[in-house]
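Construct all of the structure, not just a fragment, from the sequences and the given hints.
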Amino acid sequence: MEYRAIRDPLWKHIYLPEALAQALTTADFVRLSRIRQLGPTELVYPGAVHTRAGHSLGVYEIARRILQCLEQQGAHWITPSGRISWYAAALFHDIGHFPYTHSLKELPLEEHEVLSGRIVLKEDIARCISKAGGDSQQVAAIIDTTIATEDTETLFYRKLLSGVLDPDKLDYLNRDAYYCGVPYGIQDTEFTLDQILPHHQRGIQLDSAAILSVENLLFSKYLMYRSVYWHKQVRIATAMMKKALFAALSKKLVHPEELYQQDDQGIHHLLQSIATNHGEKVFPEIVLAQGVLERQLYKVAAEIKFDGANPMHTALEQLDKRHEAEENLAQKLGIPSQHILIDIPERISFESDLWICDEEVPFSQSSTVFSSKTVASFTGSLRKIRVAIRQQDNSCSFQEKECKIIARFLDMEYNRVSILG
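Going by this note's numbering, the first residue of the sequence shown is number -6, and it counts up by one from there.
Please note that a few of the clues may not be correct.
[As the list claims (entries may be wrong)] Straight-line C-alpha distance at most 30 Å; calculated DSS-like pairs for lysine-lysine:
| id | residue 1 | residue 2 |
| --- | --- | --- |
| 1 | K115 | K162 |
| 2 | K274 | K292 |
| 3 | K292 | K225 |
| 4 | K152 | K5 |
| 5 | K98 | K366 |
| 6 | K377 | K292 |
These are calculated hints, taken from the structure and not from any lab test.
Below is the structure:
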C-alpha cells in the first residue's frame, strides 16, 4: 500500500494511506482546517490556534499505534478491512464537528458524531475509504453509536474510540498543552500504549502496573480543564457565542442545518447577516458575538460553586431555564437581557471503568488513589456558576446594588459572594 508522510509537531511523521490522504482535500475535511480546536481559547493562550484538521491527523496516528500494540498482544480478530475502517474512523471522527469548539453544545442540534457518520457516507469520502480497503458503512457505525450493529469487530472499535485511554484524549491533551504552552496535559504516550491489552468485548484492559498511566491522564484532564478549557475568560467567550446562537435559533432566524457546515469565521458572518437582514431590534444579541470578535468580553460579576443539591442550580443546567433566569435578573438590574449572561459548565466525568486484569476489578475499585471521593472533589472544584455583565464604560467594578441583586439571585449572603471582574 502506498503511504503519504505528513509532518506533525507532536507525532513527527504521520504515515497516511494515500487513498485516505486524498480525502484531506474534500470540502468537509478542509472545513476542519478553518475550525480552531480550542475556539476562543486564543484570547487567553495566543498559541492556541491549532485546528480540528491537525487534531484529526493526530488521532489517526494514535489510533494506528493503538491497533499495532493490540495486534502484537494477540487481537487476532482484526481484519484487513476493519483495520482500514478503524483508521478512517479515527481520521474522520470530528469531520462533522461544530465551529467555535463547544459554543454550540447544549443547543437543539444533532450530535456532531451523527453528522460525522453521515458525512463519511458521502460519495467523495466513501470512495477514498473504499479505495484504501475499508468500508464506509463500518466507519460510520464506529463513529456514530446510534447506528445499530451487532458486528463484534465494529463494537470493539467503538470501545477503542471512546474511553479513558482513547486516541482522541491522548492526542488532544498533548496537542492542547503543546500549543497553549502549558505542561499539564503532557502524557507518556509510548509507555501508556505499551501497557494496553486487548479484549474483544471491553476493547482494552490493563494490568495494575499501568494504573499510573490512567491516573496521569485523569489528573492531566483535570488540570487542563482547570487552567485551559474552563478558564474564566474562555468560559465567558464561549457562553457569549452560545447565547447569541440560542437566541437566533429560538427566534427562528436561523435553521439548525445552516449551522452544521459553518467554520469559525462563517458563524460570525452568519450572525452578522441575521442582524443586518432583521435589524438589531429583532436580534439585539448580535452584541454578544461582536464582543467576542472584538475581544470585549463581558465582566464576571460573581461566581459560586455549583451545588447539585440546590434545585436552582440544577435548573440552570437547562439552557431554556438559564435564559429565563437571565431575563429575570436583567429586569431586576434594569439592563437589557442581552447584556447579561449566566454560565454553568456541563457535567463531566473523571470516572473510569477500565478493567484491571490482575486485580479483577474496574479501575475505580482498584489500588488507585483516585477514589470516588477524590473524583467527586475534582468535579466539585471545577464547576462554577458565573454571572457576567456587559460593561459599556470599560469599568471593571460593579455597584453595590448590582452585587446585592446578583447575590440574592444566587441565594447567597452578600458578604459571601465572590465579587470579581
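Task: Hints violated by the structure (listed by number, smallest first) - done: Failing hints: none at all.
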